[in-house]
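Colleague: Line order of the protein sequences matches chains W and F.
Per this note's numbering, the very first residue in the first sequence carries number 933; after that it's consecutive.
Per this note's numbering, the very first residue in the second sequence carries number 933; after that it's consecutive.
To be clear, the hints were calculated from the coordinates, so they are not data collected in a lab.
Quick caveat, the model's predicted, so the values are computed rather than measured.
Heads up, some of the hints might be wrong.
[As the list claims (entries may be wrong)] Partial selection, computed: residues in chain F whose CB lies under 7 Å from chain W: (1) ILE1029; (2) GLY1032; (3) ALA1036; (4) PHE1042; (5) ALA1077; (6) LYS1078; (7) ASN1082; (8) GLY1161; (9) SER1164; (10) PHE1167; (11) ASP1188.
[What the hints assert, rightly or not] Heads up, simulated EDC-like pairs for lysine to aspartate or glutamate below, C-alpha to C-alpha not over 16 Å straight-line: (12) LYS1168/W to ASP1057/F; (13) LYS1263/W to ASP1202/W; (14) LYS1263/F to ASP1202/F; (15) LYS1034/F to ASP1031/W; (16) LYS1275/F to ASP1031/F; (17) LYS1141/F to ASP1064/F; (18) LYS1266/W to ASP1202/W; (19) LYS1287/W to ASP1303/W; (20) LYS1168/F to ASP1057/W; (21) LYS1201/F to ASP1227/F; (22) LYS1168/F to GLU958/W; (23) LYS1191/F to GLU995/W; (24) LYS1034/W to ASP1031/F; (25) LYS1203/F to ASP1106/F; (26) LYS1203/F to ASP1179/F; (27) LYS1168/W to ASP1202/F; (28) LYS1275/W to GLU995/W; (29) LYS1295/W to GLU1254/W; (30) LYS963/F to ASP1057/F; (31) LYS1141/W to GLU1316/W; (32) LYS1067/F to GLU995/F; (33) LYS1201/W to ASP1188/W; (34) LYS963/W to GLU995/W; (35) LYS1263/W to GLU1316/W; (36) LYS1191/W to GLU1101/F; (37) LYS1266/F to GLU1162/F; (38) LYS1323/W to GLU1143/W; (39) LYS1266/W to GLU1300/W; (40) LYS1067/F to GLU1300/W.
Ideal Cβ positions, reconstructed from N, Cα and C, are used throughout, including at glycine.
Number of protein chains: 2
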Amino acid sequence: MAAAVMSLGAMAQQALWGAPQIVSPEVNPDKTVTFRLVAPNASEVKVTGDFLPTEKIKTPFGEFDGPGSASLTKNDKGVWEFTSDVLAPELYSYSFIVDGFKTADPSNVFQIRDTASITNVFLIDGDPNYADLYKINDVPHGTVAKVWYNSPGLGMDRRLTVYTPAGYETSGKDYPVFYLLHGMGGDENAWSELGRAAQILDNLIAQGKAEPMIVVMTNGNAALQAAPGESSLGFKAPTTQLPKTMDGSFEAAFPDVVKFVDSTYRTKKDKAHRAIAGLSMGGFHSMHISKQYPDMFDYVGLFSAAIMPREDATADVYNDLEGKLATQFAKAPKLYWIAIGDKDFLYQANTEYRKLLDDKGYKYTYRESPDGHIWKNWRIYLSEFVPMLFK
Amino acid sequence: MAAAVMSLGAMAQQALWGAPQIVSPEVNPDKTVTFRLVAPNASEVKVTGDFLPTEKIKTPFGEFDGPGSASLTKNDKGVWEFTSDVLAPELYSYSFIVDGFKTADPSNVFQIRDTASITNVFLIDGDPNYADLYKINDVPHGTVAKVWYNSPGLGMDRRLTVYTPAGYETSGKDYPVFYLLHGMGGDENAWSELGRAAQILDNLIAQGKAEPMIVVMTNGNAALQAAPGESSLGFKAPTTQLPKTMDGSFEAAFPDVVKFVDSTYRTKKDKAHRAIAGLSMGGFHSMHISKQYPDMFDYVGLFSAAIMPREDATADVYNDLEGKLATQFAKAPKLYWIAIGDKDFLYQANTEYRKLLDDKGYKYTYRESPDGHIWKNWRIYLSEFVPMLFK
């Protein structure tokens, strides 16, 4: 009785609003998923997400594939409900649309921010090569830390996400380092949240498929200290309209990060034990950083890289592309890995970049997957790239 | 043009749903706050939050103060809007209620989970003693890490949040350790999110008001490995109906945490350099742990502690309360600090506990604040407690 009073009283005041009374989403044994919402006054409820067949989004620049939607129906208990088809193993995102108003599922506290949008997530398991790597399994877990470093090149303290593998704290050993870069609109949280980087590393290392390594996830927005809400800007709404985006500042100052990591962690401090990869804008960064500093990285990954020609890329880092590539490839990186989806809007730009490499006879590995410019592909690429490192 | 296409295309596909077109909440120069929502089909929109005068919540066990609500009105552009009174400096939480359906503010990506509820947050600054400590200021920042340890006492790997102060990585020094415990429904994320512990520590240390220290935030739910979504349970909805809650398991196994911390970090390994404090259930835990292990902590903080008598507390840890307190106080802890709000539903239980201490002549410090069992008080208590440690 006393415990009940305490529990109730504490909850009434602590968690200001009570817990929902229904389960949503419910992953059924047959891997269909049921979504539910209590919205008695609503006249239409839809669910939209990447588990549904895509719909075309029209823009002034052409049509892109966007997430589809499906209608919920009100059941005899007044609860809106929809059950999906059987879903393939994957981490999925979704939102509800209630009378035209987009909103989170109030029964699902698991949400991930991507730029200025927050969506609910759920995971369907059953694929040992990919989706099962995104789960937290009962294996030894690495540490995920939010760490600040000083960047003289950018003139400020900035935040990193650093993964150290299980056992790092007490092993006394030195480790190789993998620098992992986000895309436009992302930040130092992107790979550890939507990217499931810590889970993928924990699982691949536990299975003996990847070397224990440190993973450093930077913030590639050169004008910012840290992710939205995590810097002295306070709770300022995120935006992709940032100064110093892809102007060469981030790439030029990248040695600040490497210097900090090598002086703070027990690292193997040579090219053979450093990798760099990134998605979209981070692939662009990885391409330019790895050729600007050709003695720094033996492993380079371009995931759906934003490597089309850009007239506004006039910084020193971007000068003499072909000369710098010649230097980089003369030093024979152990792995230069290019991956892209066959529906990616950057597919043609990557084809042209590969032609440039082919014409020069530079050695790289190419991986083409289905689908477009989406996190599903980047988790797949990370799961495939990590086992190839430092072997 | 190319950059614009890339940006648009990337956004259309990466952040699956577009950014909202309005600003909400907007903290105005006079410290009123304007909330806005685009919901053209709604017939009623309210905002509910702790910045509004409280309303009584009726329960079978009595009335408690809950967050108030206010109505938004549709302006001439079809946007729902409400402007608050001038607000005192504080971190506030709120939600919208759209036609009776509780939802997040889609224009505000800053949200914090408390048990099974997610609410939006915003911060009003201007109080150097409290709210300004909750901000990320341009001062040296400590590292916040999610770290796993093995607990033989609980038979599993479990997760901690560990704050190490700025400079820890390279100073070579040993540091005192403050163990900071959450309440019922919370987890190892609670103090670093709603509690703003890292910000409070960063700021107090930078101002010279607190000693540099390590802060270890445990998970006090003895049946769980980690916070919801962070353990091998996967994306399982959070609940307060957990086995092994306040059954003595967590308290008895607490030396597992101290042993891990002392073997993993550079710590000062004696009573004079260890503190323990907690809110609500964590205050109950701190009281029992500190007397069960009377040579472990010289600083004890009970924040709105859940210390009423409980017939179901039959574990060895709970036996011989008075005898163990006699032993603890005979060893003269340097600080035994009890704090509670004058409207807290645990006020009477704390009064009775203090009477027990008074009757025995045990020395403690008492701090009474306004308000009830709310995070506002716990941030205040943390801001006051930390400067008293390790001096």
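Colleague: Hints first: check each against the structure and report whether it holds.
Modeller: Evaluation of the provided hints:
{"no.": "1", "hint": "ILE1029", "in the structure": "10 Å, violated"}
{"no.": "2", "hint": "GLY1032", "in the structure": "5 Å, holds"}
{"no.": "3", "hint": "ALA1036", "in the structure": "5 Å, holds"}
{"no.": "4", "hint": "PHE1042", "in the structure": "5 Å, holds"}
{"no.": "5", "hint": "ALA1077", "in the structure": "4 Å, holds"}
{"no.": "6", "hint": "LYS1078", "in the structure": "5 Å, holds"}
{"no.": "7", "hint": "ASN1082", "in the structure": "9 Å, violated"}
{"no.": "8", "hint": "GLY1161", "in the structure": "5 Å, holds"}
{"no.": "9", "hint": "SER1164", "in the structure": "5 Å, holds"}
{"no.": "10", "hint": "PHE1167", "in the structure": "5 Å, holds"}
{"no.": "11", "hint": "ASP1188", "in the structure": "15 Å, violated"}
{"no.": "12", "hint": "LYS1168/W to ASP1057/F", "in the structure": "14 Å, holds"}
{"no.": "13", "hint": "LYS1263/W to ASP1202/W", "in the structure": "14 Å, holds"}
{"no.": "14", "hint": "LYS1263/F to ASP1202/F", "in the structure": "14 Å, holds"}
{"no.": "15", "hint": "LYS1034/F to ASP1031/W", "in the structure": "14 Å, holds"}
{"no.": "16", "hint": "LYS1275/F to ASP1031/F", "in the structure": "32 Å, violated"}
{"no.": "17", "hint": "LYS1141/F to ASP1064/F", "in the structure": "14 Å, holds"}
{"no.": "18", "hint": "LYS1266/W to ASP1202/W", "in the structure": "13 Å, holds"}
{"no.": "19", "hint": "LYS1287/W to ASP1303/W", "in the structure": "22 Å, violated"}
{"no.": "20", "hint": "LYS1168/F to ASP1057/W", "in the structure": "14 Å, holds"}
{"no.": "21", "hint": "LYS1201/F to ASP1227/F", "in the structure": "11 Å, holds"}
{"no.": "22", "hint": "LYS1168/F to GLU958/W", "in the structure": "10 Å, holds"}
{"no.": "23", "hint": "LYS1191/F to GLU995/W", "in the structure": "58 Å, violated"}
{"no.": "24", "hint": "LYS1034/W to ASP1031/F", "in the structure": "14 Å, holds"}
{"no.": "25", "hint": "LYS1203/F to ASP1106/F", "in the structure": "14 Å, holds"}
{"no.": "26", "hint": "LYS1203/F to ASP1179/F", "in the structure": "26 Å, violated"}
{"no.": "27", "hint": "LYS1168/W to ASP1202/F", "in the structure": "42 Å, violated"}
{"no.": "28", "hint": "LYS1275/W to GLU995/W", "in the structure": "12 Å, holds"}
{"no.": "29", "hint": "LYS1295/W to GLU1254/W", "in the structure": "15 Å, holds"}
{"no.": "30", "hint": "LYS963/F to ASP1057/F", "in the structure": "9 Å, holds"}
{"no.": "31", "hint": "LYS1141/W to GLU1316/W", "in the structure": "10 Å, holds"}
{"no.": "32", "hint": "LYS1067/F to GLU995/F", "in the structure": "34 Å, violated"}
{"no.": "33", "hint": "LYS1201/W to ASP1188/W", "in the structure": "14 Å, holds"}
{"no.": "34", "hint": "LYS963/W to GLU995/W", "in the structure": "31 Å, violated"}
{"no.": "35", "hint": "LYS1263/W to GLU1316/W", "in the structure": "24 Å, violated"}
{"no.": "36", "hint": "LYS1191/W to GLU1101/F", "in the structure": "14 Å, holds"}
{"no.": "37", "hint": "LYS1266/F to GLU1162/F", "in the structure": "36 Å, violated"}
{"no.": "38", "hint": "LYS1323/W to GLU1143/W", "in the structure": "8 Å, holds"}
{"no.": "39", "hint": "LYS1266/W to GLU1300/W", "in the structure": "20 Å, violated"}
{"no.": "40", "hint": "LYS1067/F to GLU1300/W", "in the structure": "45 Å, violated"}
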